[in-house]
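Asks: Line by line, the protein sequences give chains R and P. Residues 66 to 849 (the numbering used here) make up the first sequence, in order. Residues 6 to 332 (the numbering used here) make up the second sequence, in order.
Everything labelled a hint here was simulated from the structure, so no lab data went into it. It cannot be assumed that every hint is accurate.
To be verified - Beta-carbon label-pair distances, calculated as ranges:
1) Ala840(R) / Val318(P): 42 to 48 angstroms
2) Ala202(R) / Asp290(P): 55 to 61 angstroms
3) Trp81(R) / Val194(P): 53 to 59 angstroms
4) Pro88(P) / Gln842(R): 33 to 39 angstroms
5) Ala295(P) / Ala840(R): 43 to 49 angstroms
6) Arg264(R) / Ala287(P): 54 to 60 angstroms
Built from N, CA and C at the ideal position, the CB exists for glycine as well.
So the chains spell out like this:
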Amino acid sequence: MGMLASGFLSPGLLGWLALAAVPVVIHLLTRRRVVRLAWAAMKFLERAHRKTRRRIQLENLLLLVLRVLAIALLVAAAARPFLQATSPLAELAHTPRHVAVIVDVSASMGYDDGTGPLLDRARRGAEKILAGLKPAAGDTAVLIPHAAPADPREDGAAAAAYLDPERLRATLSGLAVTDRTSNLADAFETARRALERHRTGQEIYLVSDLQKVGFGGAAAGREEEEEGGAGAALSPAGRYQGVRDALQRAVAAGATLHVVDVGPEAVRPENVGLVAFTRPPRVVTVAQPAVMEARVRNFGTEPREVAVQFYVDHDASPRGVARPQRIPPGGEASFLFFHAFQHEGPVAVRAVLKPLDSFTHDDERLLVVPVEPRVKVLLVEGSSRGTEAFESAAFFLLQALDPFGADGDLKSAFAPEAIAWHELARADLAAYGIVVLADCPVPSETETATLAAFVAAGGGLLVTWGPNTDPELARERLASATGLLPVVPERVVGQPDYTDPRHRQYRLRLGARHPATRPFHADADLETWLEDGVAVGRFLRSVPVRNAAEPVRVLLEFDDEERSPALAERRVGAGKVMLLATTAHTRWTNLPVDRQAPLFLMLVDGIANHLRVAEPDPFNLRVGDPLLRIYSAFPGKRELKRPSGAGEVLTPVRLGAGGEAAGGDEDGGPGASWRFLLRKDRLMERGVHRLIREAPRLAPGPAEELFAVNPDPVESALERFGIADLQADVFQGIPFEVPALDGLEKAGVEGPRGGELWKYLVLGALACLVAEMIAAQRIGARQT
Amino acid sequence: MRSDAAPQGPRESGRRKRQDPTTRTLATLDDAYAAYLDFSALNRLRYLEIKARDIVEGYMAGMHRSPYRGFSVEFAEHREYVPGDDVRHVDWKVFGRTDRHYIKQYEEETNLIAHVVVDTSESMTFKSGRVSKLEYAGLAAASLVYLILRQRDAAGLALFGSDVYQLVQPRTHPGHFKLVVGNLAMPRVEPRTDIGAILHHLAERLKRRGLILLFSDLLDEPTRILHGLSHLRHRHHDVIVFHVLDPAERTFPYERMTRFEGLEATGQVTADPRSLRRAYLAELDRYLRALKRGCLAHRVDYRLLDTGEPLEVALRSYLAARAGEER
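Working from the sequences, and respecting the hints, build out all of it.
Replies: Structural data, given as structure tokens:
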């Protein structure tokens, strides 16, 4: 048995094999304890003895052998022998194996430590696992290429590969590193479901680089990213709870877990990666300088000096090179790129790390910048002009929106145009990007409907308060009937003269972080000047609208008891509405003329850019995001061209006023919008995607839209688990095995549990006992 | 049946002795009487006469059919009728006077010469219970001699082992019983025997046709035995074979590992008796069948005596059956 088996789990018990001699000893003792008897009828006895001696000897020998065998087999079973694959008895010990092989194809598997991408190593490991299976003996396998979010097309491929060795191998050889991240909790859950119809022999193999992010999920990784360092957001217990739950479910279902580490030797491989390539949320116009920022982080353990090159459109050579910076381990550096775009339309800008490193996946990022003509702003002035220009309601707004005027090279992104209140009814709002109602009386119902349609189609509306505005009427018409305003007006409080010390002066307080007030949040002096320097004598007391489709955001508050909103924002359809609850001129506040800093200019600039810039950025998406495009006019069918060249025709769906799908006809009516939506089939490729109109003459708008898809930066954190840390932080007592890459084809048979013989030995012992009982009973029956 | 005066004392002594069979000995004739002869039992058998099935020669007329004619018929005595008696001999006159059945017995009948032949070889000493085959055979022989003498027939005795070492000539005198029993009580155990040869020898020596009562375990080749018996039959002897066997020999009841050591130096066998039982009993059965068939063929009366069976019961059943056959 020792030659056939590769060992015993409890070899110490083999000493009990001496018990097998007990039947022999009993037999010998019985023969020795002979009764002597003088016998007369020896003739018959001798004859009977002669005839039966051979049969009796054989029967005795048979019983003896069966008893000895039964004891020996039981003792051997207790010692738990197991076989190795080379044993002639390996087939005997073979329990059908049902193997789920999770192959990590997340972006980190593209890391090249000098011996080729990690995925090649993973592929070889998976091939060895599959080679160790015996389909003829009932073994089955399912290959689960895993990356998150899951790709339904890949899930189908994995299901098709089930049980078919040829297709498994073909699927394996076709695996490629994806641009996605990983979520191993989902992978283990998928594996468990794939194996749940089998009751025994379930084995789950994870072939992965054991990147930490994969165990905690990309969401946790992003939280850490936002918190600014690994481990800052979640404790290990909380971060890995999801994967631990999945592992426990798999183990409870009877599966054994095997972790095949194909990662690089270092636990924290050297990597410098572009983690972000962004632009401020501002309108970019032709020939005006725009700034773009590339952020580079050093994920390794050694300081690295890198530069970033910027390419515009299809440039062969870089349009700009940011100077090299030395980034310490764990540190981050910002590389800025200033550029004036010469043409309207979306432009793809590429940031490339120099030099490239071992993980090229994060050495390049894309940014699509929509270049527009100057945004026309319609300033509707409600107050009559005074003796001085600055006494008009729109004066300070005009100055803030177009501070450079017509002189010089610098041009504001906004081209404001002031009209009197009574001219609003005749204005073509579609020609404007932003409409400002400055201290206006409440518009008529028709005008209100026109404004609502303008906003729903993507326009921006800013309402500033003043003596001409009636709170009651505004509440009834703008807040209740159309739901345009972000607040419900109540009444005007305070005294107009904010300089009279006898009256209370109200101060502004910064609210939640918001792109429009970003400079004030970023600079403490600005924040102080805004909160302490600005005095408000009178304002509209209001409360934020509740139960709005999109939550109301309060950017600034007054310091009154109710903390009434001073500047609030609400989204309506594809557009935005903002309300300033005091005057944009100097009747009720010194905000436009405060001398500490250009506060008013910065605030109006922020508001105007925010009203114009779409949020979230529709031009720059992340791998795994759904594609969602909303149009105020019927866009016609469009073909989505992916970076790989694959195309797909999209049909627009008409949305009702509430945003619900309402049919695909072209005549939408007022307030209607259309959308393209790719939800199930998400954006899985990085690169520039194009939406091309099928019939350019039948639909308005540009013939081609661009948007960029970039990989999730959490994948750049290549830090991975060592086996000990994996046990301590993730598995925490959940049993798992770590087979060596070289011995994978023998796994399952070589392992003690895979090749154990004990049950066969017990069955053999039972068979011996049963045979002994039957033989003894037959012999006994013959003797009586 | 004058021997009603058989001694009573020994019977009582016998009862006393039976209470402790382990101390029993056959050293003296009295002991033999005391130990085994239950005279009350024998008295119960006294009306079961031992008759020769064939025509035999005797010293005088008796109840046996005689080959000799012309003797006068003289009434001798009455005896009470017992079932099995020939009703022709019932004395109806006595019945008319006493209302009881008596049969008349006549002096004219010739007497019987009976030769009791007992095997005293070593195999006869085997016993699994209280009594060995030899003891049982001796007692049975003594009982029959007693009965024969009581019916005024002549009884002789032959003891044999490897040869006939004791031959007592037949006599009718009641005192002859003592001599017979004395010889039976002190047999000479012989290590070997050859029953066939013995029977041939007896056939040659016993000139007058008579009744041969053979007591033996017959552990010999059946053909040789039967050949000897046929020789006796050829000499016109009426032969009765009392085949004496121990109950253990008939059932082989042993359970434990046993070394069977052959009496009469016939080797030894060590075996588990349970595994041998069926084959042994088959062999025994085959042997007994052969023996019975041979006896039947030669008109030899065969009777198996089991030493575990009470002697009285064995003799009563046999004699009653034989008497029934006579009629």
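Asks: Tell me, in ascending order, the numbers of any earlier hints that this structure violates.
Replies: Of the numbered hints given earlier, those the structure breaks are 4, 5, listed in rising order.
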